[in-house]
Amino acid sequence: MSKKELSEKLLYTKKSVYEKTDDARIDAAFAYAKGYAAYLDAAKTEREAVTVSIEMAKAKGFKPYTLGMPLKAGDKYYYDNRGKNLYLFIVGREPIENGIRINAAHIDSPRLDLKPCPLYEEGGMSFFKTHYYGGIRKYQWVTTPLSLHGVIIKNDGTSVTVSVGEDENDPLFYISDLLPHLGRESDKKPLGEAFNGEKLNILIGSRPFDSESDSNSIKLNTLSLLYDKYGITEEDFLTAELELVPAFKARDIGFDRALIGAYGHDDRVCAYPALTAILEEDAPKATLMCVLADKEETGSDGNTGMKSMLLLDLIGEISLALGGNPATVRANSKCLSADVSCAYDPNFADAFEKRNTPLLSCGVVLTKYTGARGKSSTNDARAEYVGWLRGVMDRAGVVWQTGELGKVDGGGGGTVAKYIANHNIETVDLGVPVISMHAPYEVVSKVDVYEAYLAFRAFSRA
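The numbering used here puts the first residue of the sequence shown at 1, with every later residue one more than the last.
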């Protein structure tokens, strides 16, 4: 055997999707990206993601599920958990005790939430006070065009939906910054201290209610406008869920249009492929489930996060309805924790260990373990399961790579994998590499998004 032949046989070389596939595959990826971009623009919050996903599911024949319903092979259902968390499943042809194939992504993203008493007036302007949600670099949100989304629940129980800043005719919102001419002292501070959370105040108005001088005239005018449009008072903010998110639309990045820039790639870049993969199935061999979870960015707590008992409840109900033992079903189930990984960025090379960091456009990322430093708070999937999945991906021709989240001592991060694995379900992370993760505007490769879709489809059919 020649040296070249031996090298090809024995050495592992990471190659891009462009090197490993053909033009037809690339064209399909670019076409798929159009649907993903539309999803991003329509689903900027977890509530909107649930609403849009249900509309897509209904178009494919999925019906609402209630606990205790009888089930049979071929049934397609969705379970809407409080408008912020969605489960979809299709009953397979195989016995349910063979297990369920689960794809679990999250649909919440870092953002700024309004405080319960947000509105105030100062210096000839009115503002909203915010409390940031998830891990953000605060300086990135300053002087960024923002839109307001969410719901306001009035004291009679009625709900008011709010979305301001997405239409071209809407106003936008804004966080001010100090001009560089006066910024010498703040420039001396470490990056993480130069801007604190209490300064993330949203500029929302500057016009007084009338010509009379009054300490609350601008605030009153803002409230008057809100009352005219939504019928709400200041007290109604006490029972509201309002979120400030970047007003940017998803756009192609670069002359070659091979990348997508948008808010919320983490983790809708995995949620959309997981969702579309299950929507295309009609009579699967195994029972399939897709989970679109809330609260991942803050620890997955609460009744819409992956720490809730709902996953167990639904698996239990499905198992019993089909004559299976829930414990056996869980033991034989397999899950892909569909979450993003960081992509290697040569502009910040010191933060990465390049040999084990995912590269943009080299396919979907299989992450055996996450966690921080000494694998703290990780699932760390079994080698046997990772090996099985490797075979599934290779046989289906999916382009994939492995990866870690930066250098060992550099930090790290977690996903929902450990919470699902705690239920005795084989689980491993699989997702799309992202540039500038958690920033108001993140970047992904179109071909990586498409490979994620192909991976979820192959997993469902294996």
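Warning: the hint list may mix true and false statements.
As the list claims (entries may be wrong) - Have a look at the derived ranges for each label pair, beta carbon to beta carbon:
id, residue 1, residue 2, range
1, S224, R373, 50 to 56 Å
2, V408, K60, 40 to 46 Å
3, S163, E384, 42 to 48 Å
4, S159, S211, 33 to 39 Å
5, E384, R184, 39 to 45 Å
6, R251, M309, 36 to 42 Å
7, G323, N196, 55 to 61 Å
Read the hints as simulated data drawn from the structure, not as lab findings. In this text, all values refer to a predicted model and were calculated from it rather than measured experimentally. Ideal Cβ placement from N, Cα and C applies to all residues, glycine included.
Results for each hint:
no.: 1; hint: S224 with R373: 50 to 56 Å; in the structure: holds (53 Å)
no.: 2; hint: V408 with K60: 40 to 46 Å; in the structure: holds (43 Å)
no.: 3; hint: S163 with E384: 42 to 48 Å; in the structure: holds (47 Å)
no.: 4; hint: S159 with S211: 33 to 39 Å; in the structure: holds (36 Å)
no.: 5; hint: E384 with R184: 39 to 45 Å; in the structure: violated (59 Å)
no.: 6; hint: R251 with M309: 36 to 42 Å; in the structure: holds (40 Å)
no.: 7; hint: G323 with N196: 55 to 61 Å; in the structure: holds (57 Å)
The structure is inconsistent with hint 5 alone, although it conforms to all the rest.
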